[in-house]
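In order, the protein sequence lines correspond to chains X and E. Per this note's numbering, residue 1 is the first one in the first sequence, and the count goes up by one each step. Per this note's numbering, residue 1001 is the first one in the second sequence, and the count goes up by one each step.
In short, the hints are calculated from the structure, not lab data. It cannot be assumed that every hint is accurate.
To be verified - Stretch-level coverage of chain X by chain E, calculated; a stretch enters the list once three of its residues show a Cβ under 8 angstroms from a Cβ in chain E:
#1 81-94
#2 97-103
#3 116-125
#4 131-142
Stated by the list, open to error - Taking CB as the label site, the calculated pair distances span:
#5 E:S1045 / X:L89: 54 to 64 angstroms
#6 E:K1348 / X:G131: 25 to 35 angstroms
#7 X:I11 / E:K1348: 50 to 60 angstroms
#8 E:L1194 / X:E13: 43 to 53 angstroms
Said to hold, decoys possible - Here are some chain E residues the structure puts well away from chain X; computed CB gaps all over 10 angstroms:
#9 N1093
#10 F1142
#11 L1171
Ideal Cβ positions, reconstructed from N, Cα and C, are used throughout, including at glycine.
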Amino acid sequence: MTHDHNPGRRIGETLLAVENISLAFGGVRALTDISFDVREHEIRAIIGPNGAGKSSMLNCVNGVYRPQQGTIRFAGQTFRHMHPHKAALMGIARTFQNIALFRGMSVLDNIMTGRNLKMRCGLFLQALYVGPNRREELAHREKVEHIIDFLQIESVRKTPVGRLPYGIQKRVELGRALAAEPRLLLLDEPMAGMNIEEKQDMCRFILDVNDEFGTTIVLIEHDMGVVMDISDRVVVLDYGRKIGDGSPDEVRANQDVIDAYLGVAH
Amino acid sequence: MLYREAGQFKTSYRADQQIFPILQDRIGMLVLGFVALVGVPLVASEYWLTAILIPLLVFSLAAIGLNILTGYAGQLSLGTAAFMAVGAVATYNFQLRVPGIPILVSFLLGGGTAAAVGAVFGLPSLRIKGFYLAVATLAAQFFIPWLLVKVSWFSNDSASGVITTQPVEILGFTFDTPLRKYLFALVVVSVLALVAKNLVRSHIGRAWMAVRDMDVAAEVIGIRIVRTKLVAFAVSSFYCGIAGALYAFAYLGSVETDGFNLDLSFRILFMIIIGGVGSILGSFLGAAFITLLPILLDVALTEGATALGLQLPSGMTSMVQLVVFGALIIFFLIVEPLGLARLWQIAKEKLRLWPFPH
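Just chain E, same shape as in the assembly (with noise of 0.2 angstroms):
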């Protein structure tokens, strides 16, 4: 009954064309946007900030950027984690060595360093398709932390590959505290997704699904399919690169680069997996997804066990948790192949008619 669109006309094109175009959606991301920017900063923690906002916001970002790519371009990859290590490494660099210049300026080019590094590492899909380019992409994933580590003036020369992240700091203010970097990553990550939705609604965005749905056609159209999946491979490796750099500023403060290996990049192809293949929204659905569960599932089992007075024996829970993400993953792909963010749809649908069958 509340979420109704009936009576909401459209006069103009333009209005036609918003991203929230019904009335309701507004006025939710309104709130949203709220409960984010001041909700959150009153009444979070400071375990909530660092171990479950900011990554969430990180890996939503990477989502986003891998979505780009293999969503909407329909190119599989399995080097995202490879992207972010570029961003995240560049990005120190920048800061490290060219002085004086200020941190967003770092951050825009270390996601340029990572979208030329994608647009290389993308030459492969212009012969190749599917699974055989996922395997062609895996060679970033194995290339490139293996550089970064083998060549340690990418490190500063640092005994074990590890970067430790400058401070971040724009226009004299410093965004040291949980809270601090949480709002930062999330204007990046706010700005970054708006971004993300007006190119995927323009004409590269329309380029890019006329090739994932069928390269023959978009061809006969006057696409280009060079160049259309090169700035795919490209954007999308920018947006992995700045969630990289995100990771490393906002997030752990010190990375190893070994630590963006095939296991993460496996992650984020399941937050969109799960959250929804080709739409930004479930970029966002995925990561809360995969995020969020494991905590869930150890607070409730702990709080079971305790419940019940039971001993878990130790490392139980992680077990559990991992037999119940597999189970989970397969249940989506059975189920709703289309994820999250399918289910978003197919539940507003309803709504439109709540509480009537048709």
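So that you can see chain X by itself, here it is in the shape it has in the complex (with noise of 0.2 angstroms):
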């Protein structure tokens, strides 16, 4: 599972920047004054203990939460704040720490909701399910099958998703999420309660989203082997503040990272 960094790969300009992100929820400070940047095509880990603010950054990044200081850069467009509609309107999907899957739909119908916004029909031709609408059905089914055999869940595809088991549940969440061909792509901890061998599934999958489609990817995981593999730079939280920023290797050697985990004598 060894994901050799070469030197070649096309990581390019920055494609998103926090910048001074404040958020707090009452008197709670989730995060205080967070900045860092994601390049174009890099994989870029957030790591830190439990309660460290990685879930609420994300939130921030595709405007689940509003936080009250800091601005956003995404694509070359600054905002105060995201909206959800305007994140998923620009290219940013993500998949969810608690698989937020839609229970009753089958796998197909999920991926399927995934490409809802690249739909055009109106109302009127979906009543009648004629024409253009059963040309843009067809066209689209065929995108999401793609993303089926690549995500290898052909044999479970009309399955109400709350029947499957949690490992091809999160796959199948990533598939929705792949489905709206996404330029930034948030996975909020992927490998959550996985086996070895789902893990390096998910891995490879992650891997290969990264090459083929170049797809940006922010990934929250707690498996330190996952993180140091696979992401290019890892930026670490503790205590909704940035205590490391760089390359796995500099993340490493940095002694508040290790203090933050290993916890320190007082």
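These two chains come separately, so use the hints to put the complex back together.
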């Protein structure tokens, strides 16, 4: 599962930059003055102990939370805060820590829903299911089938997701995010609760997405082996503050990071 | 053995996306359509048409309407009958006040009026969910029938708020006999059921289900929650409105707007609970169950009593009906929360393997 960081990989300009983000829920300061950037085509990990504010950070990036301070710059545009719809339109997709699939729908429908933004037919055409609407459905079905092939979940495409095992559900959720053909993919603990084989599969999918589609990935993960192997750069958060930022090796050697993870004598 | 999909390979996505991908289902639907269009008119008595089949169709349509809102989009509503009332009264008024308007246009406008009213009463859904939303839709249920009685303009100043519907006439052909009314209702309901199926398998349907199942994830994907919910309310109310118009024009002929009360709303809610929440087929099954069960119980009790030589006290049958009715609803909620449609699906899965257990 090692990933060679070959220098020829096309890491580009800054795609996303969060600057001085602060977020508080009442008196609880979830994030304090966080800044970091993500370059095009890179895999960027966010790590930190539980409650460090990692998920809150992602929620700020795609507009689920509104930070009280700071700006988010994505693809050349600067925002005080994102809005989820705007984020989706600009090509930010994400998966959730606790699987957030549409449980009553089949795998196919879940992934098709990921393409809803790209569907243009009005209510009237949908009601008749003729001509443009049928063509649109079929064209998108074809794209979705590519994703189903890619994730190797062909055999369950018509199964309601509620009936699937956990590891496959995580995969379907990745598929739903990929269906939007995102520029930036936010993955919130894509490997949580998986066994070693499932983790290896998921790593392979993430690396393939990054290599083949050139998708920029921001990833929250607790498995340090995985993080150090697949990410280009790592941000470390602790109690809502940034305590480290750099390549996996730099972060590993950072004393603050070691203290945060291993504890420190007071 | 008979119900096998083995060997029925699909070589295109188009073939795979049919409503009935299995050959046996298509044959079944053709047979059903033939029976409904040709068989029923040949054998059905007037009683069967007016007391059973026409209300069955009308309630199926209303149940589809509620199922779109509650089953697919996940918004609980107790205002179904109110939206039916809007549809009935609006259709009546368009027919009455616009000279020379074709009846089908009146129906569409009536449904449209109900859709607009439904969207307005759907506004609370943007802030509240579940039981609280149900209470908010109760407001519609109490307010609308009250308004329709209070303002006598709606019923053309009839003394008791009763509207007496105009004859249904299309291109010079009048749907006046029970049989003709049945056929009219059958066509309207079939077309609208097909439209509903098309909607729920297109992207608006997926958006509804996404909002129902996980609204945060839906929003992150880029689904506009506000718009999706309001469209669900509008489409649902459109269906209820047309059902209300059929209720007046094809079933009763003259209706009291007071009749569109909370009882009726609950009855339609029971239909989708028993039939299957989130299923077009379930809407029909539930409507059939709720419409036919009282009649069956009635017949069974009277026949049984006669056979045993007993004299049942008057009113007894209706009491027993209510008791059995309530018991069945509780039974269904416990045993099969997904309703008759789910039972049908399980039966089909078993039939695929029959006579083998695996």
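For each hint, the structure was consulted:
Counting residues of the stretch 81-94 of chain X whose CB falls under 8 angstroms from any CB of chain E gives 7; the rule of at least 3 is met. Figure legend: the stretch 97-103 of chain X, annotated as covered by chain E; annotation consistent (4 residues with Cβ-Cβ distances under 8 angstroms, at least 3 required). Proximity of the stretch 116-125 of chain X to chain E, defined as three or more residues with a beta carbon under 8 angstroms from a beta carbon of that chain, is established by the 5 residues found. Residue count for the stretch 131-142 of chain X with a Cβ under 8 angstroms from a Cβ of chain E: 6. That meets the three needed, and the coverage hint holds.
Between E:S1045 and X:L89 the C-beta distance comes to about 59 angstroms, which sits within the given range of 54 to 64 angstroms. Taking the beta carbon of each, E:K1348 and X:G131 are about 31 angstroms apart, inside 25 to 35 angstroms as hinted. Checked against the given bound of 50 to 60 angstroms, the beta carbons of X:I11 and E:K1348, roughly 53 angstroms apart, stay inside it. Taken as a hint, the range 43 to 53 angstroms holds for the pair E:L1194 and X:E13, whose Cβ atoms sit roughly 51 angstroms apart.
With a closest Cβ-Cβ approach of about 25 angstroms to chain X, E:N1093 is found to remain outside the 10 angstroms limit, as its non-interface label requires. Every CB of chain X is more than 10 angstroms from the CB of E:F1142 (nearest about 30 angstroms), matching its label as outside the interface. The claim that E:L1171 is not at the interface with chain X holds, since no C-beta of that chain comes within 10 angstroms of its own (minimum 23 angstroms).
Every hint from the earlier list agrees with this structure, and none is contradicted.
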